[in-house]
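Engineer: Sequence:
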Amino acid sequence: MKSRESLSILRIFAAIVLCVFGVIGVSAESDPDPNSPTPILLSIPASTRALAIPEGSLSRVDLGRIESRAFDQNARIVLFVTNLALMQDEGANAFRVYATDALGHQYRYPVVNFGPINKQGLYAVTIQLTDEIGYWDPPTATGDLLLQLTWRGLGSNRVRLGLGQTGGGPADDDNARPTPYGANLSKLAKELAPENSPDYAGNRWSGDRMRLQEQASFGPTLALDGRIRRIGTRGWLSEQFAAGYPSASNPYPNQVLKPGSTQSDCDGDNSGLNGNPIDVPTTCNRDTYSMYQPQTWFFKEAFYGDNQLRHRVSWALGQIWVTSGVDVQQGRHMVEYHKILSNNAFGNYRTLMKQMTLNPTMGTYLSMASSTKNNPNENYAREIMQLFT
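Start counting the sequence shown at 8; every next residue gets the next number (this note's numbering).
Keep in mind that the hints were calculated from the coordinates and are not lab data. Worth double-checking, as some hints may not be accurate.
Here are the simulated DMTMM-like cross-link-like pairs (lysine to aspartate or glutamate), alpha carbons at most 25 Å apart as the crow flies [claimed, not checked]:
1) Lys307 - Asp144
2) Lys197 - Asp180
3) Lys197 - Asp272
4) Lys307 - Asp181
5) Lys346 - Asp215
6) Lys265 - Asp334
7) Lys307 - Glu343
8) Lys197 - Asp181
9) Lys126 - Asp144
10) Lys265 - Asp276
11) Lys346 - Asp294
12) Lys126 - Glu97
13) Lys265 - Glu246
14) Lys197 - Asp179
15) Lys307 - Asp294
16) Lys126 - Asp181
17) Lys346 - Glu221
18) Lys346 - Asp334
19) Lys126 - Glu62
20) Lys194 - Asp179
21) Lys307 - Glu246
22) Lys346 - Asp313
23) Lys126 - Glu139
24) Lys126 - Glu74
25) Lys361 - Asp334
26) Lys265 - Asp294
27) Lys307 - Asp79
28) Lys126 - Glu198
29) Lys194 - Glu221
30) Lys265 - Glu343
31) Lys126 - Asp96
Ranges between beta-carbon positions, derived for each pair [stated by the list, open to error]:
32) Gly122 - Pro258: 40 to 48 Å
33) Ser256 - Pro187: 50 to 58 Å
34) Gly63 - Asn191: 24 to 32 Å
35) Pro123 - Lys361: 55 to 63 Å
36) Val333 - Val263: 16 to 24 Å
The structure displayed is predicted, hence computed values, not measured ones. All C-beta atoms, glycine included, are put in the ideal place defined by N, C-alpha and C.
Kindly produce the complete structure, drawing on both the sequences and the hints.
Structural biologist: See the structure below:
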């Protein structure tokens, strides 16, 4: 049998070993700077014009001798970026490239390929000059665009690129400067870092900002990331709670209510044959007896709206309080239904339940669903109606 002294010594030794391994583990996991560096797009010497070449010509090009040129619409080109710290398997899908024209219209060009150029941290980014969002028509006037690359929510410097021809386009940014191949860009990298911005007040870690935007909006954007970076998470949430809804530039559709079944002057037949009257307006059937207007409004608000948080919460509530655009044919009914969701997005759930129960859209949906034999919605409809009677 071991003595008390020897047992005490063993316990002390075991505690010391555990502490040592714990310290080693903490040291191994620590990261002195978990923030992502800010990417830098390269330009030709003494200019802010992009260092860019056509796809397929990289192997026979001298990066120090590339001259400015314009590219055709839909062409594939290669840009060059540095100041990255990639994780394993991080590739083309981690990057976005945005272009702004002289009218202030913004386009997003798809990144189709990405890879290292040398061991000094230079990478080639292949993009196609075709807008993948499609909100604006392609630029009709040829001339310069300002290109910016984003990565983990951080935006690079903006460089000029000629589309069709060089010249014209938007003015350079106030702090724009040449970023040629081979130059020491460490000073510029520090200036571009968000924590060094004079109006910086938000989350330093880009991963936190990106996660917030993925959860509380319909996706990260340059403008939204910049806003959160400046005012912080709590400031942005307070701003969202108080923001008007829907956006002033995208009010709710307000089509006229019509009878439940299609009418002869609103049936989608605009041929005028066999005595059938032309619809007034000609889009009457589409706008009245389909989900075209509410769906178009919804996606405009999701892509471009200001109050992203309320819109996202309303959408989430719509996954719980479900109706059908097949059973409820009039788009106006669905708009009124969505108003209840949005008005109660930050409110009391019991109030939402009561207003949903008394809403004609929900009543129509449940009555249509319960008309099917052995449909479980029949009992659900009966139970929910009894809550407030």
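Engineer: Run every hint past the structure and note whether it holds.
Structural biologist: Do the hints match the structure? See the list:
no., hint, verdict
1, Lys307 - Asp144, "holds, 16 Å"
2, Lys197 - Asp180, "holds, 17 Å"
3, Lys197 - Asp272, "violated, 65 Å"
4, Lys307 - Asp181, "violated, 31 Å"
5, Lys346 - Asp215, "violated, 31 Å"
6, Lys265 - Asp334, "holds, 16 Å"
7, Lys307 - Glu343, "holds, 18 Å"
8, Lys197 - Asp181, "holds, 17 Å"
9, Lys126 - Asp144, "violated, 40 Å"
10, Lys265 - Asp276, "holds, 17 Å"
11, Lys346 - Asp294, "holds, 18 Å"
12, Lys126 - Glu97, "holds, 17 Å"
13, Lys265 - Glu246, "violated, 38 Å"
14, Lys197 - Asp179, "holds, 20 Å"
15, Lys307 - Asp294, "holds, 16 Å"
16, Lys126 - Asp181, "violated, 32 Å"
17, Lys346 - Glu221, "holds, 23 Å"
18, Lys346 - Asp334, "holds, 19 Å"
19, Lys126 - Glu62, "holds, 21 Å"
20, Lys194 - Asp179, "holds, 20 Å"
21, Lys307 - Glu246, "holds, 21 Å"
22, Lys346 - Asp313, "holds, 17 Å"
23, Lys126 - Glu139, "violated, 32 Å"
24, Lys126 - Glu74, "holds, 24 Å"
25, Lys361 - Asp334, "holds, 21 Å"
26, Lys265 - Asp294, "holds, 11 Å"
27, Lys307 - Asp79, "violated, 29 Å"
28, Lys126 - Glu198, "holds, 24 Å"
29, Lys194 - Glu221, "violated, 32 Å"
30, Lys265 - Glu343, "holds, 14 Å"
31, Lys126 - Asp96, "holds, 17 Å"
32, Gly122 - Pro258: 40 to 48 Å, "holds, 46 Å"
33, Ser256 - Pro187: 50 to 58 Å, "violated, 41 Å"
34, Gly63 - Asn191: 24 to 32 Å, "holds, 30 Å"
35, Pro123 - Lys361: 55 to 63 Å, "holds, 60 Å"
36, Val333 - Val263: 16 to 24 Å, "holds, 22 Å"
Going down the numbered hints, you'll see the structure goes against 3, 4, 5, 9, 13, 16, 23, 27, 29, 33, while the others check out.
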